[in-house]
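Asker: Put chain Z on the given structure of chain A with help from the hints.
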Amino acid sequence: MATASLETRENRRAWGFVTPALLWTVAFFVIPFIVMAAISLATRKGREIVMAWNFDNYIEFFEKAHLLKGLFVSLEITFTVTIISVILAYPLAWIIAERVPQKWQRMALIMAILPFWTSYVVRSYSWLLVLAQNGVINNTLVYLGVISEPLELASTRTATVIGFVHFFVMLLTLTIYANLVQMPPNYRRAAADLGANGFQVFWHVVLPLTLPGIMVGAFLTFVLCIGDYITPQILGGNNELALPQVIMLQLGRRADFPMAATLSIILMVVVTMAYIACARWLKMERT
Amino acid sequence: MISSRFSKLLSWSYLAALYGFIFLPVAVLVLFSFQDGRLPVPPFNGATLKWYGEVFSDGRLMSALGNSLMVALGSATVACVLGFCAAYGLARFVLPASRLQRGLLIAPMTVSYLIIALGLLTTFNWLGISLSLWTVGIGHVVINLPLCFAIIYASMGNHQKNIERAARDLGAAEWQVMTQVSAPMLMPSILAAFFLSVTFSWDEFIIAFLLSRFDVTLPVEIWSMLRSGLNPKTNAVGSVVFLVSVALLLILELIVFRRTAKK
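First to last, the protein sequences are chains A and Z. Everything in the first sequence is counted per UniProt numbering, starting at 1 for the first residue and increasing by one. Everything in the second sequence is counted per UniProt numbering, starting at 1 for the first residue and increasing by one.
Don't take each hint at face value.
Pairwise CB distance ranges (calculated) [said to hold, decoys possible]:
id, chain 1, residue 1, chain 2, residue 2, range
1, A, 200, Z, 107, 36 to 44 Å
2, A, 283, Z, 77, 32 to 40 Å
3, Z, 19, A, 140, 18 to 26 Å
For lysine to aspartate or glutamate, the following DMTMM-like pairs were computed, each having C-alpha atoms within a straight-line distance of at most 20 Å [unchecked claim]:
id, chain 1, residue 1, chain 2, residue 2
4, A, 64, A, 76
5, Z, 8, A, 98
6, Z, 161, Z, 174
7, A, 103, Z, 253
8, Z, 161, A, 10
If you want a taste of the chain A side facing chain Z, the calculated C-beta under 7 Å gives, among others [unchecked claim]:
id, residue
9, 121
10, 127
11, 136
Bear in mind the hints are in silico, worked out from the structure with no lab data behind them. The C-beta atom is built at its ideal place from N, Cα and C for all residues, glycine as well.
Okay, chain A solo, but in the shape it has when bound (with noise of 0.2 Å):
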C-alpha cells in the first residue's frame, strides 16, 4: 500500500513535468491541424466560409489544371534539387573528411555550412543579386563582350534551383560528412588488401555505407524543398507557381481558407508518403 501511494505520487509528479509540453503541443499544433483538416471541407460562399463536410475541394484540386500543375512543379523542383545537391555535396563532404588534415575539419565544415545562417529571406535576395537582369553575371559577362544582351536568369525555374541547390548543399555536406568520418578506415583497407581498385572500394563499401546519411540529408532536402514558399517567390517569380505559392496565392489574394487548407493537406499528404518510403527503406538496410 505504502508504495503503491508512493508510485501515484511520483507518477503524478512526473506527469507534472511533461504535462505543459504536451499541453502547448496538443494546443497549438494537434487541434490546429484538426481545425484545418475540418475548414479544408468546408466551401467558401463570397466572404463566408460554410461547414459543408463535403470532399469537393480536393475534387476540385484534381480537376483543376492550374492547382495541380502545382504539385507537378513542386515535385519537378525538388527531385531536381535533391539530385544534383546530393551530387555536389558527397565529393565536398568527402574532401573535408579525407584531404582536409584533422585539425582543420571543424573549420572547414563550418566554413562550408556558414550562409546557412543568413536569414532564409536575406540568402534568397542575394541570389537575386547575382542573377537580376542587371546582376553581377549578366553585368560582368556583358562587360567581358562574352554577352552583348542579359541572360535571363533570375525570374526562371534555374533560378529557383540554383536558390535551393545553395542551401541544399550545406545541409547534405553535414549528413555525409557525419557518415563518413564514423565509417572505420579498417573497412577500406580491408577491401584494398583483398585486390579492390580505388573504385570498387568506393562503390562496394564506401557508398552502401554514408547511403543513410545521403537518404536522413536527402528526405530534409525532400520536406523542406517542397514545402518552401520563400525561394520560388523571390527566384522563380511568377511564371509557373511551386505548391506552397499556389497555397499562399489562395489566401492572400483570394481569402479562400477553405482551399489553403485542403492544398496543405495535399502537400502533407505527400510528405508523409516520403516520409514512409524512407523509413521502410532505411529499415530495410538495416535488416
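Answerer: Just chain Z, lined up with the frame of chain A:
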C-alpha cells in the same frame, strides 16, 4: 605519383569551387552593401557607410529588429523550459505511453512551417483571436519545442541519474534536484537548445508573416523592402542580420561546444 598529385589538385579545386559557390551570394551581399550609388550591382563605385546609416535611422526597421529580438528570446526561453521539463519527466520517470508522448512532442519537426502557420492562422481566425507578436511567439514555440526537447532528452544519460539519486538520498527535494543538480549538469545542451532556438526564431519568415499584422519581425520587414527591387539598403540590413546570426553561432561554438569537447 603523378595521378595522386593530380587527384590532390582536383580535390582542392573542387573544394575551392564549391566554397566559391557557397560564399558567392553572401560576398556579393556584403560587398554591395557598401556601394556608393543607388544600385547594388557592378561596377562597384566605391565604399560608403551611408546605407548602414539609413538602416540604423529607419524607425520601422529598428522596431522590427526589436520585435524580432523579443520574440526570439521569449519563444526560445519558453521552448527551453517546456522542453527541459518534458525531457526530465520522460527520462527520469516511468510513464505510460512514453513512446507516444515522445512522438507527439517531436511531431511538429516533421511538418512544414507553412502548414503549422496555416493551421494556427485558421484556428486563431475561427476563435476570433487577433494577430500580434504573441501569436508569432506561440508559433515559434511550436517549432522550437521539439528541437529543445530532442536535444536535452538526448543528453540525459544514466550517469547523471546516479548523481541525481545521490542528491535525493542526501535529502534534496525534487525541485532542488532539478534546478541545482540536473540543470547545471545539462547546461551545455540547454544552452545549445536555447541558442539554436534563438537563431531559428530570428530567421523564421513564414510563421511571422502569416501570424502578425501590425508589429512585424525583421524578416517580414525585409520581405516588404524587397518589393522596391534591388537596393543597397536591403543589402545593408541583410548583412547586419547575417552578422548577428554568425555572432550567435560563434558564441555557441566557443562557449558551448568547446566546453563539451574538453570534458
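Asker: Does the Cβ pair residue 200/A, residue 107/Z satisfy 36 to 44 Å?
Answerer: About 43 Å separates the Cβ atoms of residue 200/A and residue 107/Z, which means 36 to 44 Å holds.
Asker: Would you mind confirming whether the straight-line C-alpha gap from residue 8/Z to residue 98/A stays at or under 20 Å?
Answerer: 11 Å, holds
Asker: Return the status of the interface hint for residue 121/A: holds when the least beta-carbon distance to chain Z is below 7 Å, violated otherwise.
Answerer: 5 Å, holds
Asker: Once the shortest beta carbon distance from residue 127/A to chain Z is found, is it less than 7 Å?
Answerer: Because about 5 Å separates residue 127/A from the closest Cβ in chain Z, which is inside the 7 Å limit, the hint holds.
Asker: CA of residue 103/A to CA of residue 253/Z, is that 20 Å or under?
Answerer: Roughly 15 Å separates the two Cα atoms, so the pair holds.
Asker: Should the hint that residue 136/A touches chain Z count as held when the rule is a Cβ pair under 7 Å?
Answerer: Holds. Min distance 6 Å.
Asker: Next pair to validate is residue 161/Z with residue 10/A; report whether the Cα-Cα distance is within 20 Å.
Answerer: Between residue 161/Z and residue 10/A the Cα gap is close to 16 Å, so the pair holds against 20 Å.
Asker: For the hint 18 to 26 Å, verify it against the beta carbon of residue 19/Z and that of residue 140/A.
Answerer: 19 Å, holds
Asker: Just tell me: holds or violated, for the beta carbon distance of residue 283/A and residue 77/Z against 32 to 40 Å?
Answerer: 38 Å, holds
Asker: Would the pair residue 161/Z and residue 174/Z pass a check requiring their Cα atoms to be no farther apart than 20 Å?
Answerer: Holds, because 13 Å separates the two Cα atoms, which is no more than 20 Å.
Asker: With a cut-off of 20 Å on the C-alpha distance, tell me whether residue 64/A and residue 76/A pass.
Answerer: Holds. Residue 64/A to residue 76/A sits at ~19 Å (cutoff 20 Å).
In the structure shown, no violation is registered for any of the earlier numbered hints.
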